[in-house]
Structure formats: C-alpha cells, structure tokens
Amino acid sequence: MSSSEAHAATGPNAYLAHHFEDIGTQNYAVRLGMWLFLATEVLLFAGLFLGYTVYRWMYPDTFQAAAKLLDLNMGTLNTVVLITSSFTVAWAYHAIKVNEIKKGIGLLVFTIICAFGFLFIKYGEYTHKFHVGLLPGKWYAFTGDGAPPGPANIFFAIYFLTTGLHALHVIIGMTVLVFVLVRTLKGRYHKDNYVGVELGALYWHLVDLVWIFLFPLLYLI
Amino acid sequence: MTAVAQDHANNHSEHAASGEHENHGIQRYVVIYLILLAFTGLTYVTGKMDLGDFNIILAMAIASTKATLVVMFFMHLWDEGSINRLVFVLSVFFAILLIVGVFGDLIFRLPVTMPPGMQH
Amino acid sequence: MDPSSRPQSTDASEAAEPQLPAISYLNQTRGLKSWLITLDHKRIALMYLVLTLVGFLIGGILAMGVRIEHLTPDETIMGANTYNRTFTLHAVAMIFLFMIPAIPGIFGNFLLPLMLGAKDVAFPRLNLLSVYVYVAGAALLVTSMATGGVDTGWTFYAPYSLSTPAELFPALMGVFIIGFSSILTGLNFIVTIHTMRPRGMTWMRMPLFVWGSYATSVIQILATPVIGLTAFITGIERVFGFGFFDPAKGGDPILFQHMFWFYSHPAVYIMILPAMGVISETVAAFSRKNVFGYSMVAYSSLGIAFVGFFAWGHHLYLSGQSSMDAGAFGIVSMLVGVFTAIKVFNWIGTLYRGSISLKTPFLYVCGFLYFVVFGGMTGIVFSTVSLDVFWHDTLFVVAHFHYIMVGATLMGFLAALHYWFPKLFGRMYHEGWGMVSAAFIIVGLSTTFIPMFFLGNMGAPRRYYMYAADGQSLNVAATAGAVLTAMGFVTIAIYLIYAIKNGKVAGDNPWGASGLEWKTSSPPPTENFHTTPIVDEDPYTYRKKGEEAEHVVI
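These protein sequence lines map, in sequence, to chains A, F and B.
First residue of the first sequence? That's 5 in this note's numbering, and the numbers climb one at a time after it.
First residue of the second sequence? That's 3 in this note's numbering, and the numbers climb one at a time after it.
First residue of the third sequence? That's 2 in this note's numbering, and the numbers climb one at a time after it.
Here chain A stands alone, though its shape is the one from the complex (with noise of 0.2 Å):
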C-alpha cells in the first residue's frame, strides 16, 4: 500500500484517508455511517410521531377539526415539492457518479431551489397561523368558524413542533446540499469521487421520508 502512496495517488486511491486500508472500505464505512447518523434522526422524530400518536388518541376530535384548518393545498405542494426534489438528488447523485458534472450541478441548483420553495410554503402557512391565532399552548387564541372543540392548543403544539423540527431539517439538508454544491463545482466530485453527494442526497431523502409520514398526519386524517 505505501508503494502506491509513494506517487501520487490517481483515480479514487487519492481521496483515502490513511487509517484506511483501501477505497472501497473507506466508502462502506462512511456510508455506513451516515445511516447511523439516519437513525439516530428517524429516533428524534418517532418522539414527535409518539407525541402526536397520544395525544390524537385522547383528543380525536379536537385533531380531526383542528386538521381542516391547515390548509392541504399547500401542504399537497409541499409534498410534491419535497418528492420531486428527491428524485432530482438522486439523479444528481448518479449524473455525477458518470461525470456528467454539469447536469449534476443543475440538478443540485434545481433541489435547492425546491428547498427554498418548500421554506416560502412552509412561511406563508406559519404567518397565516400567527395571523388567527393558531398557534401553541397559551398563545392559542382562534376564534373564527371551525374552531375545534377541547385543547387545540395541543394540535397546534404537535403541529409547529414537528414542523418546526422538519423544518429545521430542511434548512441543515439544504446547507449540506449547497457544501456538496460548491465542491462539485470545485471538481472535487466527479466519477472517481462521489461518495459525498450521496451522503448529502440520504440526508435530503431523509427530509423527505420525514415529511411523507407528516403530512398525511397532519393535514389528511
């Protein structure tokens, strides 16, 4: 192996790290990582999961009324917005795994881009809410047609802490996206280095999966 380093490394060899023995176990283990790191997000959210599961049990009511003040237009959108920039990852992902770098960036720019529309959403239906008064705990204060009966200030608590959480996860997502970005257009990725735009992608996919389980939830039932 010190043979190999002792000029300079071509092809993948030049993105290994020393402690590791050779390419490919270098990417298993990263890899390998980054669901871990999924995990370790797909447990913080089943709290909320938990959270909204107990408190739809004790409060059906109140939920089914309180769902129908969200507006499930925007939250339809939102969930073609975050699917169709799945799928523009993962073909980011494989563009630049066969060194088509520029349709790879393009593809970057245009999930960020759905990002960002995502975010615009997401603000709109917020500043509504703070508008009426839908929002959480003693700051609850609706009083138009459809007010739920029982604790909405509950639903409303579930609703802007899992979408605060999600939310938050789309900004993170984003900003990993935008490193990948900028060292794609670095060259630094490209066919024979393009681990790193997958694990930015799983984290995104990750936003995704996130939002697939919330807005039937939240908006649907």
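Incorrect hints may appear among the rest.
Have a look at the derived ranges for each label pair, beta carbon to beta carbon [as the list claims (entries may be wrong)]:
hint, chain 1, residue 1, chain 2, residue 2, range
1, A, TYR127, B, LEU130, 29 to 37 Å
2, A, LYS106, B, LEU37, 39 to 47 Å
3, F, GLY119, B, TYR465, 29 to 37 Å
4, F, THR70, B, VAL240, 36 to 44 Å
In case anyone wonders, no lab produced these hints; they're calculated from the structure.
Built from N, CA and C at the ideal position, the CB exists for glycine as well.
With chain A fixed as given, assemble chains F and B onto it according to the hints.
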C-alpha cells in the same frame, strides 16, 4: 469452513457491500418518482373521503409504501449490503417500539390518570 | 532499538530492564495547539480523561454536600432549596459528565484501534468534534449550576420542571448537546468495529471489551435522540408554554416519563456495558486464563443492549401507568438479569482454577463482582411491581442504583484505569497504594450504601431534605462511608498523577497479558503499530505451562 475461506468470504461480502452501485441509468428513478406522485394523489383523494377509522390505516399504508420506495430506490438500500439495511430496519423497529409501548399504556390507563378534557 | 519489533511473548518475566520509547503519541508533537486540534484517538482519550474526571470531581463534591447535610435530621449546612439543587446537580454531573462518556470516551477511544490493530478510529475528525461537543454541553451544565442550579431531580419530571423557578434551560440544552457527543462516539465505534478489523480477526476473535463497546454504541445511537428530543421539548415548554406535558393545557405528564425513561433506562446499560467489557479483559489477565464461555459473554452484551430497550416502564410503576403495561415491563426487566448472570457465571468460571494474580485491577474485579451481584439482585426484585410499590422513591432505590452505577461501573472504570495505565503513560503506579485505595473505596462504598438499603426498607423517602430522627445513626454511617470513599479517591489521584512522571517504566506488556494493545510499545507511537498486525490466534491466549500456542492458518 477453514479460516482462510471464512475470511475471504468475510472480506468479499464486505466489499460487495461497499456499495459501489452498478450504473443502472435513471429510468428507475423516473419510474419511482411517477409512482410516488401517483400515491400522493391517491392519498390526497382518499384523505378527503370519510372512511371512519380506515382513513388512518389507509393513509399510513400509503405513506409507508411511499417511504419504502424512497428508502429502497432513492436511498439505494435495494443495492446495498445487509448492514445498512439492518441499521435502518432497527431504527424503525425501535421507533415503533417506543410508540407501541407507550400506546399500550395509554389504552389501559385508568381515566383518573388522564388529562382533564380527554375525549375518549 | 525498536521495542515493538522485539519478539513478543506473554511471559512478563522475560523483559529485562524496559525502556521508555523516545517518541510516542505523548511527545511526537508538542504544544497546546497540537493537542487541541489532534486527530489522534489516543490524545483524544486523554482529553476525555481530564474532562470526565473534572465532571466526576464536581459530582463528588456535590455528593459530599448531600452526605454532610444528612449528618443531622434537620438543617445541617444548607437549606431545603439548596439541598434540592445539590442532589439534582450531583446526579446530572455524575451521569452526563462522567458515567456515560468516561469508559467509552477514554478507554474505548484509546483501545479500540489498538485492539483492532488499526491506525485510528473510522472518523478521527468526528472524534475530535465529539470532545468539543462534550465541552459545549458540559459548559452549559456548569453554567446552570452557577446560575442557581436545577431543583427538579435529574429526572426533570413534568409538570414541576415546567413551572419551577430554577434556571432549567441551560441544563436542558446542556443535556441535549452532550447527547450529540455520545451519539458521535457510538457512531464512530460501530463503524470502526465493522470496517477496521485486521485480517484474520473475525467477529468471534474480537476482544470482549470490543464487544462491550459495540453493544454500548448501539444503545447510544438508538436511545440518545429520544432524550435529546425530550429535553428540547421541555425547554420549549418552559420558554413558549406549548402545553405538551402540562395537564392544565391538556398535556400528559406521564408521556414525559415514558419519553424520558425510554432513553434513561438503556442509558444505564451504556454505563455498565463498557465496564463489563473491562472486567472481561481484566478477569482473564489476572487469572491468566482465557475467558470461559467467550461466545456467551459476547452475545450477552448484545442481549443486554436489546432487552434493555424493552424495560423502561419499570420506572413508571407508580406514575399512573396502566397495570397491563406494568406487568409486561416487569417481566421483561427480569430478562436482563439472565444476561448479566451469564456474564457473572462465565467470569467466575474464568477465575476458577486460574492462576490468580492479586494486583490492584484484580481487587477492582472482585469489587465489581460483589457490587454487580448485589446491585443487580436488588434490581431484579424491583421489577416485581408489588415490591416496587413499597420501595419506589425510597432510599432502597438509591442504594440499588448506586451499588450498580458507583459500585459496579466505577469498579470497572478503576480497573481499566489501573490495568491500562502503563499502556497510556508507559509507567507503573505504586501497587501498595493501589491496593490500599481499592480497599478504602470498596469498604467505603459498602458503608455508604448498605445503611441506605435498611433505611429505604424502613420507608425512608429519597430526595427528602429531612428524615425521621431514628434514622440518624444509619445516615451518619453512610456519611462515614462517603468519607472513606473520598479518601480512597484522593489517594488514587495522588499516586496516579505522581506515577505519570515518576513511576517505574512499565515496558510493552507489564502484566503479561494477551491482546494486540500489549504488542506495541507503552506508550504507543502515534501510528499505533509499526506494521499492521495480522491476527492468527484467538483473542485470549493464556495457556498453561507446556501447552502449545494455537495458531490458525490465514
């Protein structure tokens, strides 16, 4: 199996699982994307209908299907080795355990231990 | 003369006058900056050593505060509010600053790559990040202490934690952030163990400390996010009043307990599994015998990790939880005892007919076995709901978990510290003082907590500022035990710090132990091994006189 062969098998499976995905073109991504959109439409339409308790079950079934497709194909678990799959499955398992364990408590609790205003 | 290229044997008497290697990981690069931005897992381990011991010191001082207060039934040195803060912060400091990070952070970091013949852990930069995340979280926790402290008990139960005037927010955020450090460490270890084993080291040829670290890391990954979320939500509650756990707003305080204990029960296995791994290593080394039932001990680590996740409801027996759940949790909680018993019997089987070497680490092994058996058995009886109804929130609980946590885990820590001290620093400590301190600590801990078993059984509640006058003699005995224990710790600190610079040079393998870490110099060079080892033998290679070494063909 001798230690030699065992060891080669270990190394081999680990390298196969290093996940250097074969290049399979983007058709599968396109197909999955369209299926996801279709399911989203389905869940939108059925969500508006009133099916009683079945609403939740159907919505969760559709969501789980969508999630499985994203995990398997967009996140490449379909191609990858067993350890990443195990990690993901275990995380989902323990997430479900958390919910089931607490829910099991909830449904058998005495009413006096529940918050006031409970609607059940 | 390159020490690590000398022919290795497991016979300690062969080494003539050992030499300290001129260059090792300690002095390869110099200056504060080279330590602060190091990527070397061994230096990171030493950083954890210093940091966690500071946490231990804080927790210990607070413990002495509690014990001194309890010398008299009424006020002794502090008022009731201060007392609440003292015992809360004692627990928070001990658990989050020491018990959870110490053995993995110090010995896991130092030893895993060495035991695996690797150059470093899988993600050295994440390793360094975990140290700084720990520092950030610890700083927040210390800040919360400085700004008046937390008085809810380390369990932060709602609804009191939502309304208490104490400054909870820094403590909650500190817990949340330190959780990340734990996750990063666990992540690193799992990937290291999966991908960096040397040629020839199959899973069933890994040292048992590695198995213990693996099981611990699985728990760290799966459980820690839930406490992070719980602390986060509680913090949001306090600031924004969301009503998530507040019954006045429709929330459910029992939900808090479920979420809290879903992490905190597996967390106790994060604390004990690494210690058990240490015991496996030391019990073999000091009885000069291979670990009896290696595969069962290995699998039981995974067993404890797995079953530990199903047991959290046993903390909620008296909270209003349904009796259905209580019964289910009770049965599952007992299963953990099966796996622990498997380990204990296998360790005893290792000792049996071994060639016992009565050194300080071995005293801690004996202490561990004593504390884990009694602490563990009292744990089993707790899982019986009808008994817990009486003992819940009494000093019996306190005695039980201190026996396990302080008794067993701390014994494991001290055994590790003494066993691997020569590897870390290249020098030996003074055996005589080591034995004396071990005796002080084991006797001291017993004297502290046995009275609490009696007091608790008589109904004395925990976390109470005052107690009934007829409990005073037992309380005084407990405080005396605490003083003995403290004396033991102070002595250890003195002779170990002294030994770092002035101890006798240890040589590569002063104990004559087996394991890859002993096949390199003490202290090791930065790159751990001069040539990557190939493993062609079982993890424990102690053999009787005349027996041939078994080598497996690769």
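Broken hints, by number: Violated: none.
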